[in-house]
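**Q** Spelled out, the chains give:
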Amino acid sequence: MIHAVFWLVQDLLTVLTDGAVRVPEIFLLSLAYHLLEREREVGIPSIWTAFLGGLLWDLRWVGFPGFYALVYVVVVMTVLWAWNLLPAQGRTPLVVFLLFWAVQLFPAVLAVLVLYRGEGGESLFLMQQGYAVPISLLSAFYYCQRKKDKNA
Amino acid sequence: MDRRLTLAWVHGLAALALGFFLLGASLNFGAVKDVADFVANVLAVPEYPAVFVRETLRDIYTWTRDRTDLKQRLSELERENARLRIVSSVIVAEQIRAELAARTEEARVTLRDPLSWWNECRIDKGTNEGITVGLPVFQNGFLAGRVSVVGAFSSWVELLTSPALMIPVVVEETRELGIVVGDGSGAVLLSYIPEGHGVEAGMNVSTALVSELLPPGIPIGVIADGGSSSGTGYMTYRVSPGASISTLYTVSILKHPRNR
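Sequences listed follow chains A and B, in order.
For the first sequence, this note's numbering gives the first residue as 1, with consecutive numbering after it.
For the second sequence, this note's numbering gives the first residue as 1, with consecutive numbering after it.
In case anyone wonders, no lab produced these hints; they're calculated from the structure.
Certain hints may be false.
Derived contacts from chain B toward chain A, CB cut-off under 8 angstroms, selection only [to be verified]:
(1) L23
(2) S26
(3) V35
(4) A93
(5) I96
(6) L100
Computed from a prediction, not measured in an experiment: that's the story for all the values here.
Idealized CB from N, CA, C, for every residue including glycine.
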């Protein structure tokens, strides 16, 4: 349910900006955050939530289904794989930030390469990264704080 | 590997396969457009606040930009209007100057009888030059007198210093009305000004719009002293005329427009 809210927030932000800017991948970030927090319980639901969220995004903003559905599933699977690959002592705040940033970066790069090639997508990408990096930093900081509080 | 993780991989691969299938199928499937329209219609409800905010912000931006453009246009028009006013004023001033030049007749003083030195003088212009009785006579731009008798080739001018010439005037600073009259001995007096009405030395005196004989606003001179009371509640002031009555050699006569 919380992911639906984040999807809607991302959608509303896109409506608000009228497509003039690429909004941050809030929906995917919420999925990644959830995955890092409870990876073993939420792995499979996260994959299908990412698929549905991507599919809905395709139908709402791209016009043909499949592109964002695939991208979102790939991102979630990558996060799941990377997180499980790392030993507990390797899950540092920097790694958390890099994962969150990758979540923002990967769909944006693919969108520039596939959907917006030669249509000023590069400037939109740079603009998006301008606020995607701080959002990733904040999310990583929040995640680490919560983890610390839980372990205390 | 953890069984749950393996299962997640299986689900992930299944989702990817479904995604590829949808991607491939959507390119050859016309119903996708209808589904996309349906999704857009359903989402239009929760998206309405964002649309409203966006449109409001756009309206505010458009209004602000239009207002800025209008203000800029207004200031441009004001500047243009100011320039046109200056041009118009110059044209009007030129017309007035040309009209006054056409109406002004220069005349030489040909006779000044010692017995009536401060009362009258004769000039070398008469009816042949369009001179009529009552026309104002100037010297140095100030009223010097009025034409009183007209001949064919010469005319007589009643001077400002004559006791026979009484001219309704106004004190420009206080708008007090009075009468300017000569005393026959070279002095010019301003009479019938009520006491305590603030008339002081240095104030300007010009013809008033209470007489058809002379046009209003013709400068006469300045009040020369603090005045003296006549004992009836009215003051009499000495006026220093702008025209030099004692050195009249040439004068200007402002002719009536119909005599141009």
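**Q** Hints first: check each against the structure and report whether it holds.
**A** Now the hints, each set against the structure:
A cut of 8 angstroms between beta carbons decides the hint on L23 of chain B: the least distance to chain A is about 3 angstroms, and the hint holds. A least Cβ separation of about 4 angstroms between S26 of chain B and chain A falls short of the 8 angstroms threshold, and the interface hint therefore holds. At a threshold of 8 angstroms, the smallest CB-CB gap from V35 of chain B to chain A is about 6 angstroms, leaving the interface hint in force. The interface hint given for A93 of chain B is violated, since its Cβ lies 57 angstroms from the closest Cβ of chain A, which is over the 8 angstroms cut-off.
Against a cut-off of 8 angstroms between C-beta atoms, the interface hint on I96 of chain B is violated, since the closest Cβ of chain A lies about 62 angstroms away. The interface hint given for L100 of chain B is violated, since its Cβ lies 67 angstroms from the closest Cβ of chain A, which is over the 8 angstroms cut-off.
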